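Asker: Letter by letter, the chains look like this.
There are 2 protein chains.
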Amino acid sequence: MKFLVIGGDAAGMSAASRAKRNDKNMEVTVLERSHDVSYSACGMPYNIAMPDRAIEDLVVRQALVFREKQGIDLLTGHEATAIDPAAKKVFGTTDQGASFEMAYDRLLIATGGSAMVPDLPGFDLPGVMVLKSLDDGRRLKAYMEERGVRRVVIVGMGYIGLEMCDALVERSVAVEMIKPGKGFLSWLGEPLSDVVQQEVESKGVKLHIGCEVHRIEKQKNGLAVICDLGQLEADMVLVAIGLSPNSDMAGAAGLELSVKNSIAVDRTLKTSHDDIYAAGDCADAYHVVTGEKTFIPLALRANRAGWAVADNILGARVELDGVAGTAVFKVFDLEVARTGLFPREAQRAGFDPVEVVIESRSRAHAHPGARPIHVRMIGDRKTGRLLGAQMVGKEGVAHRINAAAVALHNHMTVAAFAQTDLAYAPPFGPVWDPLLTAATQLLKKIG
Amino acid sequence: MKFLVIGGDAAGMSAASRAKRNDKNMEVTVLERSHDVSYSACGMPYNIAMPDRAIEDLVVRQALVFREKQGIDLLTGHEATAIDPAAKKVFGTTDQGASFEMAYDRLLIATGGSAMVPDLPGFDLPGVMVLKSLDDGRRLKAYMEERGVRRVVIVGMGYIGLEMCDALVERSVAVEMIKPGKGFLSWLGEPLSDVVQQEVESKGVKLHIGCEVHRIEKQKNGLAVICDLGQLEADMVLVAIGLSPNSDMAGAAGLELSVKNSIAVDRTLKTSHDDIYAAGDCADAYHVVTGEKTFIPLALRANRAGWAVADNILGARVELDGVAGTAVFKVFDLEVARTGLFPREAQRAGFDPVEVVIESRSRAHAHPGARPIHVRMIGDRKTGRLLGAQMVGKEGVAHRINAAAVALHNHMTVAAFAQTDLAYAPPFGPVWDPLLTAATQLLKKIG
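Protein chains in written order, with the UniProt record's numbering: chain A, 1 to 447; chain B, 1 to 447.
Chain A extracted, bound-state conformation (with noise of 0.2 Å):
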């Protein structure tokens, strides 16, 4: 069987490798149009925050050792440009300017997302950059050194563009943030979004919020963005403002798109066409509570979901449960975490949310050392079911989510959620954990 990839990062290189684990005699290609495969996209903040760490630290396995330890035919600067179902053929170009075409049985689209970027003047000067590929880092490091970048202006205000802040801070880069519309972190709601923003504020950080940004310019010394409160002078701009799926392709191919113009698959990460997948930053998947399709790529997925095409292909039938929005991201010494939904989206799939926001302490009482920790909890006033939670604080946050998380995927109420034996010692937090304070508070409101 000839098993044809494109794209060679996590889902890709996971799949590719799986199905020629599992079946030495499976004909495995992967098209990747850059030279870089199976690298950690998410590491590119802390290794940027560090000049003397080449890029390249965050390549996990050399292309060499796909192609000669793992028998994959690997072909880096291969991209595809088009795909025909009905004669099961992927053409493309390489980048030596020659044009190729691949027969397929079964055809694994993992192209990624790319950085949005906002289409107003100035946006494709050098010295605005964006940060999704490996590539994109290695030139925006390399861009660091070259012009000894002082100042950077990052628009957005997600989780790469805090991340990136803190790299910059930590490279004694001024640091100016810009983002439109109301509040901070606005999916956080206010009281965590506050302790947020006064950690990056207190790092020296200018945040500039509910500033719409008009263009960028050109000047003598670097670039201006020229935005509602006048300009922003700057070295380099950092355009931070999310994701969109490379998903062109395979709706020029005629498969179906879903959320935000991701590639529909089923819980066997099929397309709407028989042989073909999807899985990655591309594709979407089920939300765990909400049972509805939803786009949140992240890296956990795309491994996952790059596996189980391996397995499907090779005859198993693997179904992905699907994804509840489990993230977490450090930004200075806070670290800040979710699951599940936010009130709005909770309402917008149709549940009745009411939330608490309890703050609570990392370490037990008179436990030396003790920090705030700060949980909204969100449940179903019908149901009664546990809905998401979000925390912040600058320790005991980043893995005390997970219990949530897996409460979601179970379907828990509040009620079931608050009787968890969780793990209790003074260096660990306090006798009630602080997820079962916020699950005992919010039953209370549910009632």
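Calculated directly from the structure, the hints in this document are not laboratory data.
Watch out, some of these pointers could steer you wrong.
Any copy, or any two copies together, can satisfy a pair, since identical chains are not distinguished.
[What the hints assert, rightly or not] In the DSS-like style, the derived pairs of lysine-lysine whose C-alpha atoms are separated by at most 27 Å in a straight line are:
| no. | residue 1 | residue 2 |
| --- | --- | --- |
| 1 | K445 | K20 |
| 2 | K445 | K69 |
| 3 | K394 | K220 |
| 4 | K260 | K218 |
| 5 | K89 | K382 |
| 6 | K20 | K182 |
| 7 | K141 | K218 |
These numbers were taken from a predicted model, which means no experiment stands behind them.
Once you've looked at the hints, dock chain B against the given chain A.
Answerer: Frame of chain A, contents of chain B only:
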């Protein structure tokens, strides 16, 4: 209604406080034999590590607050000695030598547990200590100061022994630990137990494993623990071999006893007698994995059970789900956590346990500072159910275990758990959380 509580620590004071808060007209009386109420017993090793901290720092709420602000009739120095369930009366004596009797409508027995002491010569000598009540801690701490304790032998290698070992080494005390039987932390399984053993030994602690203690003798300059090896000299001996429930009075009153002589309670915390409840370290609980009775005395359960008793007395019908046996402790730089069953317990409960041990790491590929995380996971070959997990590592263990605990409450299969959407960011773990890696490996063994 007259609500009488025997025992003024976690379970007793939780129940008393909640009952009075929710029904101002209830007459709530608490009999506490010591003069300490509502303290964090679990915090004692950490307090003992700090010579300049008073043991009273561990008091969560003063007796005065319960009496004057909360309106609870809190009688310290009052030891209950007998219960007459037919007459609905409790009898006892005060530490002034007076006898008393009290009538009740509802009674809560929250008498806690006692540190077990072997029935061997010399265990009653001055300088032979246990650590259960605040008074034990007070006595131990004072003894250390007065005698300038420099050498301690700890009998037992459970978590209290290990936490105390850490605390004593912190105070530059030379520590030897001794236990009979095979293995160090045999319940952890060898690979994980070895990791902890190496950590403890690396701090200069001498471990005498498989070594029987015969007696303790007084010497000119302290004590000698006479054992298979000869004798271990010490200024102080700490006995930490486990806890037994204080259930004699309940037994004498004809109440049904259960596992390890704990007081049998149903899911509403009611004993075999309608008007009498029991909660905390003296009572049993249902295990959420086996559905059977178990005796796992821990702080969270005690607090939760106290609340549930109050709610039930007030006319609600609160049933507790049970315990998963989730626990964590810190020993030197290691976090050691567990939830659910060990293979031997699983076998005894009728499961067909299969286990896997994996090593993962606490941070992502290429992220600086990653430490090993060791996971043992146990599943049932027959049903595919997750039965338990244990973890050891220098970071990222304490809260991670909670995800597995919540899975156990939901009777998840290993396959379903392996699909959960757990948080990922490079500073906090690999893309595949160590628990997911363990689950994936365990699945292969379950087949």
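Asker: Now look at each hint and say whether the structure bears it out.
Answerer: Do the hints match the structure? See the list:
In this assembly of identical chains, K445 and K20 lie within 27 Å of each other by CA distance solely across copies; the values are 21 Å between and 53 Å within a copy. For the identical chains of this complex, K445 and K69 are inter-copy neighbours only, at 26 Å across copies versus 58 Å inside a copy, given an alpha-carbon limit of 27 Å. Taking CA atoms no more than 27 Å apart as the test, K394 paired with K220 passes in neither setting, with 41 Å inside one copy and 51 Å between copies. For the identical chains of this complex, K260 and K218 are neighbours neither inside a copy (32 Å) nor across copies (78 Å), given an alpha-carbon limit of 27 Å.
In the homo-oligomer, the alpha carbons of K89 and K382 never lie at most 27 Å apart, since the shortest distance is 50 Å inside one protomer and 45 Å across protomers. Taking the closest pair of Cα atoms, K20 and K182 never come within 27 Å of each other, the shortest separation being 49 Å inside a single copy and 45 Å across copies. Taking the closest pair of Cα atoms, K141 and K218 come within 27 Å of each other only inside a single copy of the chain (20 Å); across copies the shortest separation is 70 Å, beyond that limit.
Of the hints listed earlier, those the structure fails to meet are numbers 3, 4, 5 and 6, in rising order.
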